[in-house]
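Single-letter residue listing:
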Amino acid sequence: GAGVSQSPRYKVAKRGQDVALRCDPISGHVSLFWYQQALGQGPEFLTYFQNEAQLDKSGLPSDRFFAERPEGSVSTLKIQRTQQEDSAVYLCASSLRLVNGDTQYFGPGTRLTVL
Amino acid sequence: DQQVKQNSPSLSVQEGRISILNCDYTNSMFDYFLWYKKYPAEGPTFLISISSIKDKNEDGRFTVFLNKSAKHLSLHIVPSQPGDSAVYFCAAIPPNTGNQFYFGTGTSLTVIP
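If you read the protein sequences in the order shown, they are chains L and X.
Just so we're aligned: the first sequence equals residues -13 to 101 in this note's numbering.
Just so we're aligned: the second sequence equals residues 30 to 142 in this note's numbering.
Derived by calculation from the structure, the hints in this document are not laboratory data.
Just so you know, not all the hints are guaranteed correct.
Said to hold, decoys possible - If we take Cβ atoms under 7 Å as the criterion, some of the chain L residues that face chain X in the derived model are: (1) Gln27; (2) Phe52; (3) Leu84; (4) Asn86; (5) Asp88; (6) Pro94.
Claimed, not checked - The list that follows gives simulated cross-link-like pairs (lysine-lysine, BS3-like), each with its CA atoms no further than 30 Å apart: (7) X/Lys34 with X/Lys83; (8) X/Lys34 with X/Lys97; (9) L/Lys64 with X/Lys66; (10) X/Lys97 with X/Lys66; (11) X/Lys100 with L/Lys43; (12) X/Lys34 with L/Lys43.
The C-beta atom is built at its ideal place from N, Cα and C for all residues, glycine as well.
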């Protein structure tokens, strides 16, 4: 079946530009997670949803970052007024349930480069 | 602060031999641990997991060992194959956080034919 998809795969933005990154989770998956992976680092948690409810956004680095999942399926991560330190791969993952240990299935990521 | 650490950024192993990847953690409350494998330009894919109530879990060529007293886990791959060459991340989950993963920085494994 289809896995998690993300678009665009690559995004180049000028500093100060707004960007929107899309995630299509596996159909029927209740939970959706966003991670930021800087070069040479592991993925770092940003936020997660259970259906349409955003239950934790403690990992969002600043108020320029905003995520939504209005209908409990597709999610968008928006970054306003991008800065060079926002350059990273943004990974989306989904899991069937919101149970500790449930496997998270990752998309290929969106590589954001801010010039 | 980094709660999950992988202190070896890279590892090279001869095909057919054992690969041992290590991971240390600082939070004794973590109750679930996973290993993910990542190829370039792809997202991480799940490999194997272990609950904190166990000390070993095996799946084919892959075995994960957990030493809670040392706050250490390791992934053994036997025998190693060239297709195993990838970056391996360990991840840990604290209880009651909605399945939030804490990842290590990764170890790049190269299996030499």
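Results of checking the hints against the structure:
1. Gln27: Nearest chain X Cβ about 6 Å off; hint holds.
2. Phe52: Since chain X brings no Cβ nearer than about 19 Å to phenylalanine 52 of chain L, farther than 7 Å, the hint is violated.
3. Leu84: Given a least distance of 5 Å, the restraint on leucine 84 of chain L holds.
4. Asn86: Holds, about 5 Å.
5. Asp88: 6 Å, holds
6. Pro94: Nearest chain X Cβ about 5 Å off; hint holds.
7. X/Lys34 with X/Lys83: 21 Å, holds
8. X/Lys34 with X/Lys97: Given that 30 Å is the threshold and the Cα spacing comes to 15 Å, the pair holds.
9. L/Lys64 with X/Lys66: This hinted pair holds, its Cα atoms lying about 27 Å apart.
10. X/Lys97 with X/Lys66: 23 Å, holds
11. X/Lys100 with L/Lys43: 28 Å, holds
12. X/Lys34 with L/Lys43: Holds, at roughly 23 Å.
Hint 2 from the earlier list is the only one contradicted by this structure; the remaining hints agree with it.
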